[in-house]
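Protein chains: 2
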Amino acid sequence: MKYCSISEASAKFNIPESTLRYYEKKGLLPLIERDEAGRRLFSEDQIALLQTVLYLKNTHMPISHIKQYIEWVVEGDDTIELRLEMLKKHKQAVLAEIALMSGSLKGIDEKIARYIKRTQERKEKNNGKEEL
Amino acid sequence: MKYCSISEASAKFNIPESTLRYYEKKGLLPLIERDEAGRRLFSEDQIALLQTVLYLKNTHMPISHIKQYIEWVVEGDDTIELRLEMLKKHKQAVLAEIALMSGSLKGIDEKIARYIKRTQERKEKNNGKEEL
DNA sequence: TGTTGACTTAAACCATGGTTTAAGTCGTAT
DNA sequence: ATACGACTTAAACCATGGTTTAAGTCAACA
Numbered sequence: 001m002k003y004c005s006i007s008e009a010s011a012k013f014n015i016p017e018s019t020l021r022y023y024e025k026k027g028l029l030p031l032i033e034r035d036e037a038g039r040r041l042f043s044e045d046q047i048a049l050l051q052t053v054l055y056l057k058n059t060h061m062p063i064s065h066i067k068q069y070i071e072w073v074v075e076g077d078d079t080i081e082l083r084l085e086m087l088k089k090h091k092q093a094v095l096a097e098i099a100l101m102s103g104s105l106k107g108i109d110e111k112i113a114r115y116i117k118r119t120q121e122r123k124e125k126n127n128g129k130e131e132l
Numbered sequence: 001m002k003y004c005s006i007s008e009a010s011a012k013f014n015i016p017e018s019t020l021r022y023y024e025k026k027g028l029l030p031l032i033e034r035d036e037a038g039r040r041l042f043s044e045d046q047i048a049l050l051q052t053v054l055y056l057k058n059t060h061m062p063i064s065h066i067k068q069y070i071e072w073v074v075e076g077d078d079t080i081e082l083r084l085e086m087l088k089k090h091k092q093a094v095l096a097e098i099a100l101m102s103g104s105l106k107g108i109d110e111k112i113a114r115y116i117k118r119t120q121e122r123k124e125k126n127n128g129k130e131e132l
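As you go down the protein sequences, you meet chains F and B in turn.
Residues in the first sequence are numbered consecutively from 1, following UniProt numbering.
Residues in the second sequence are numbered consecutively from 1, following UniProt numbering.
If you're looking for bench data, these hints aren't it; they were derived computationally from the structure.
Backbone N, C-alpha and C define an ideal beta-carbon position, used for all residues, glycine too.
Stretch by stretch, here's where chain B covers chain F in the computed footprint (C-beta under 8 Å, at least three residues):
1) 45–54
2) 75–86
3) 93–107
4) 114–127
The task is simple: from the sequences and hints, build the whole structure.
Okay, here's the thing in structure tokens:
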């Protein structure tokens, strides 16, 4: 199983084929080969690269930056420092975003707690009414 | 300090005035009063509500859902259960998103580790060359 | 041999979440 | 009086990240 079709790649990552075509067009999936009929053939290396693209996408790196990263991958070993700095910087951004979300979730959790308290108070009131 | 202007609200949350106007138009900030000159006056309650809106926004709740939540707040105590269920459901979505991000960050961290290793190897090679 | 089904492309279309612009209204300090 | 700065509105504009459509190609199976 050396190469896979777009439908197989789509199934493997549970992502629409249209999105894979869009990513290729945007430069996130470079050098995808074709068979004689012009159909995409994803190599194992490209599947691995797609996994990386999805990691970056899932952590909200903009497509323009992912594209830059991929261009550096294609350029080869001379860009390793650049890639490293990019990923380190991105990691800090992701940690900041997770911290923001966690902080906001804390605020939401407090609202949940208050709503639970209030629903219990309302139930108690209604019990009182039933007993009248 | 019972009411504040749009510029004060903007400064308090570090959010553009245009966004506050946009949120009001979208129904996220209901019942904002005006002074005689037609300028917005944010009450303390509305500042508190804005804080909640921002918690929801920071955790990626779509504006249409935030609007629904706010409508329920305005309707009053009869919607507490609805609000509670909404926030509970949203909390699960946020936890799932944080988990996805954390998992992807792990993949990114592994790449960072490999790049660090490779940069060290390259440095060692270069040292070897220098010594020739 | 012809008809599916899987694929291709370019281009149009879409939703989301704002931001910017243009034109106008006040309050206040000079 | 006037000029400035803070505000108002409606409408136009924008970036991002896709999705959908239309028209066509090809392989394989009946």
